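Engineer: So the sequence lines, in the order shown, correspond to chains A and B.
UniProt numbering numbers the first residue of the first sequence as 1 and each following residue consecutively.
UniProt numbering numbers the first residue of the second sequence as 1 and each following residue consecutively.
It cannot be assumed that every hint is accurate.
Ranges of calculated distance between the beta carbons of each label pair, as one might list FRET restraints [claimed, not checked]:
hint	chain 1	residue 1	chain 2	residue 2	range
1	A	Leu255	B	Lys129	11 to 21 angstroms
2	B	Glu137	A	Ala353	47 to 57 angstroms
3	A	Ala199	B	Glu137	17 to 27 angstroms
4	B	Glu137	A	Thr21	49 to 59 angstroms
5	B	Phe21	A	Ala544	36 to 46 angstroms
6	B	Glu199	A	Asp361	43 to 53 angstroms
7	A	Thr21	B	Lys129	51 to 61 angstroms
8	A	Ala199	B	Met140	33 to 43 angstroms
Only pairs whose alpha carbons sit at most 20 angstroms apart, straight line, appear in this in silico DMTMM-like list of lysine to aspartate or glutamate [as the list claims (entries may be wrong)]:
hint	chain 1	residue 1	chain 2	residue 2
9	B	Lys78	A	Glu460
10	B	Lys130	A	Glu446
11	A	Lys249	B	Asp243
12	B	Lys129	A	Glu460
13	B	Lys78	A	Asp459
Computed footprint of chain A on chain B; a stretch qualifies when at least three of its residues, placed anywhere within it, have a C-beta under 8 angstroms from a C-beta of chain A [said to hold, decoys possible]:
hint	stretch
14	79-85
15	90-98
16	103-110
17	207-216
It is worth saying that the hints were derived from the structure and are not from the lab.
Small disclaimer: the values here were computed from a predicted structure and weren't measured.
For glycine and all other residues, C-beta sits at the position ideal for the given N, C-alpha and C.
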Amino acid sequence: MTTKTPTDKTTDTTEATATTTPVVPLPPAVARATTVAGSAVALIGTFLAWTWTDEFPGNLTVTGYPGGLQVLTLVGAAVTLLFALSGYGIKGLRWLTPGGTNSPVLLSALGVLGTTGYTLGAISQELGGLVNLEPGAWVSGIGALVAVLGALGLPADQPYGADEPTPGLWGRIRHSLTAPEPGRARELPSWAEILIIAAGFGVGLYVFAYGIGTEYSELFIGFLVTAAFGFTAVTRAGLLKRLSALTAKHRNVTLTAAFVAAICFPFTQSNDQFALIGANILIFATVALGLNVVVGLAGLLDLGYVAFLGVGAYAAALVSGSPQSSIGVHFPFWAAVLTGAVASLVFGVVIGAPTLRLRGDYLAIVTLGFGEIFRITMNNLNGNSGPDVTNGSNGIPNIPDLEVFGFNLGVPHDVLGHELTRSGNYYLLMLLFTAIVVLVFRRSAESRIGRAWVAIREDETAATAMGINGFRLKLLAFALGACLAGLAGTVQAHVSYSVTPEQYQFAGSVPPNSAFLLAAVILGGMGTISGPLIGAALLYLIPAKLQFMAEYQLLLFGAALMLLMRFRPEGLVADRRKQLEFHETGQLDVPDDKPLPDGATGVAKAGA
Amino acid sequence: MTTTAPTTTTVLDASNVTMRFGGLTAVRSVDLTVNSGEIVGLIGPNGAGKTTFFNCLTGLYVPTEGKVEYKGTVLPPKPHLVTQAGIARTFQNIRLFANMTVLENVLVGRHTRTKEGLWSALLRLPGFKKAEEASRERAMELLEFTGLAAKADHLARNLPYGEQRKLEIARALASEPGLLLLDEPTAGMNPQETRAAEELIFAIRDKGIAVLVIEHDIRFIMNLCDRVAVLVQGEKIVEGPADVVQADERVIAAYLGTPFEGAPGQDEAAEVEAAEAGAAEAHSTTEGDDK
Ligand SMILES: Nc1ncnc2c1ncn2[C@@H]1O[C@H](COP(=O)(O)OP(=O)(O)O)[C@@H](O)[C@H]1O
Ligand SMILES: [Mg+2]
């Protein structure tokens, strides 16, 4: 299955038809036609009014111009339509489905049904009853339902697994959502490949900016539903695999594209509040990436990591020239950054030196303790229970805005005709730090030191027997991680105007805390660069956007983590190793054996 | 089987090594020397203390008494310093870095022979690329030497058993040792693989690396070793050329039990069982244990 090329797709599909039973018994041609018709109807419905009053947010009363949640249905239906048409083998659309053909159709149709159904439910719930729905809503809703039924009638993309040759209904439904991996892609000229990467990041930026810019929680929920199903559909279609093959080939281009896309973000936001979310996500993500050095590479479970962010932030706050600072000096920015990073580094070494002699669980517990000690100490250095350094629980407020090269980050600036707000300025500054941390992570991971870290993570005894000084390298990882968090802390202090001990807890409802940092790394994918960045973005965005469920946040968070560990233990972004570790794919993912020419071995007899 | 080295020097000189775990003396006053160009065998029943003796040599355990010299200098009891000094080893229970590739495993073995630190990696200082390339080249040579070059990009965990053993040897060789310690290198291998392992060990010896090998397969020992030492219940009872040792009645008694007293073999079986139970217990309580 894995070596399938696009050309033998047709034979494959017929083979699958012969051996699988669709969930809804329909002839394939009828099923496909039904899906196309259903999604077309759903799409048309978005141009009609869905309700009579604009009390429901997003104004769904206009005919001829989709708005708010209707846009999500529109996009979902269009994607379904495209995937379904690609299944007809229409020239120019075939590239959409190098992997699975029918499962993406079903997934995107489910996404449309989910979003539309949620919208209809939300309208009738908020306005009081189904009577508030206008015909357009019914048109889209029924269209989406028909599309799903049709898609359920499509043949599965691959024959049933050997372990379950005749699955029941539930098994068949689950199976219809799976798809084979795409085969090797045709070589394209590099400029085309680079264009595809750029387009991929463009789409990514657009989706991300749209998610941050959602104005009300109904729209955000709809966005999440559409994005989740859309993402899975694109994965099943094999497009993601294709894209990641390209990004692996052009790594520097990818990195550049990612940063260009990230730089563009504040220019897509005119609202300072959303740019602030962006800046906070970057802070969170950067710290998570720093933690990834410690946890992902060296395998040291650090449960008090947020303390290093705190050390950096407090150090920067003390030398920021804030009138409440007990030191009362005002360092230029570069000196403040250096102070924060060095303070964190020293703190990291001081904590690491005694604790890193412990292994595994002990280390986790001791770091957890030190994290709390930091917070409590900051609370106690208030002039009452200790010397007055940090103003105790009041923290250090009124941190002045930064001035970098005579450029005051506190006031809006006009750049290329777009007004860059305060948060936009800080976002760009923080992005620079993120870039530094990405570079540090990548370069250290791909070096003798990085390999030694991974070796320690894999088997410390064997690593020391290979000549690695375990303690020294662990301390190096710990100190580097601390230093990176300290860097981020210096910017964080300025972004949030003030530092208080309560910002640096083990677990809390505002993201950069130790538990969320660790979750971002694990959710995103340990040992990868993009994993913690994506994990942090999700973990920040979801609670920030869905404030009505703030009380249940930790509960939902726990449930989500459990589900993730059950279904995708390697995290959202898996490095090749983890994927092999958790899913016994045998040798599928390893490169083909290169046959060695006879006698190429130094000692041929030893190679027998 | 005679060595070709013109002058023999002492590579390893362990004298009076004793290792006690609480009341149990796992290794009792063992003396052993290995000379350059030699392949020395270490045999003995299960639980005799062979692996423990290896651990004392390589710094995983600090011997209760005795000292270990490598080429005339006393070894510090730190595993990484021992490797740095020039002793490399493999493990009885394969301990590869399972989720690293075959090539990366060998590159980790090069750790002590390379210098590039964190700054060099972060700033990509001039020497960095050259050193990485040289390491890679050397590692590939070793993979070719052990016949694993074709699998350089596979994950270590995906290799078949016999190849994992070979990879452990390649990884150990990457540290450019003067003495290689092999702990049961053919355990679990079929006869062809065992034969290949023999050839590999000869080839290693021919590179000028002395070898000390723990083994159960008596034919393997007979073919391979210039000298054999027998360890029974922590004590070295005989040492000498392989054929002499094989004929020694104390060795036969140790392996088969004494036929004259009591039920033949039963003491021995009970002893081995007890030792293994002890080992299992020790495994759960000692962190530095390598069993
Ligand atoms: N870390 C340890 N703690 C306690 N006892 C140990 C430890 N390591 C080994 N032993 C004991 O030392 C004895 C020798 O074990 P070992 O060296 O593994 O034998 P061999 O390798 O010859 O089969 C066994 O009785 C074992 O239980
Ligand atoms: Mg042993």
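Engineer: None of the hints should be skipped; say for each whether it holds.
Structural biologist: Comparing the hints with the structure gives:
1. A/Leu255 - B/Lys129: 11 to 21 angstroms: holds (19 angstroms)
2. B/Glu137 - A/Ala353: 47 to 57 angstroms: 37 angstroms Cβ-Cβ, so the 47 to 57 angstroms window is violated.
3. A/Ala199 - B/Glu137: 17 to 27 angstroms: Taking Cβ atoms as reference, A/Ala199 and B/Glu137 lie about 39 angstroms apart, which means the hint is violated.
4. B/Glu137 - A/Thr21: 49 to 59 angstroms: The hinted range 49 to 59 angstroms holds for B/Glu137 and A/Thr21, with Cβ atoms some 56 angstroms apart.
5. B/Phe21 - A/Ala544: 36 to 46 angstroms: violated (56 angstroms)
6. B/Glu199 - A/Asp361: 43 to 53 angstroms: holds (45 angstroms)
7. A/Thr21 - B/Lys129: 51 to 61 angstroms: holds (57 angstroms)
8. A/Ala199 - B/Met140: 33 to 43 angstroms: The hinted range 33 to 43 angstroms holds for A/Ala199 and B/Met140, with Cβ atoms some 38 angstroms apart.
9. B/Lys78 - A/Glu460: holds (13 angstroms)
10. B/Lys130 - A/Glu446: Holds. B/Lys130 to A/Glu446 sits at ~14 angstroms (cutoff 20 angstroms).
11. A/Lys249 - B/Asp243: Violated - the C-alpha atoms of B/Asp243 and A/Lys249 are around 59 angstroms apart, more than 20 angstroms.
12. B/Lys129 - A/Glu460: Judged against 20 angstroms, a Cα distance of about 27 angstroms means the pair is violated.
13. B/Lys78 - A/Asp459: holds (16 angstroms)
14. 79-85: holds (count 4)
15. 90-98: holds (count 5)
16. 103-110: holds (count 5)
17. 207-216: Contact hint for the stretch 207-216 of chain B vs chain A: violated, 0 residues under 8 angstroms.
Of the hints listed earlier, those the structure fails to meet are numbers 2, 3, 5, 11, 12, 17, in rising order.
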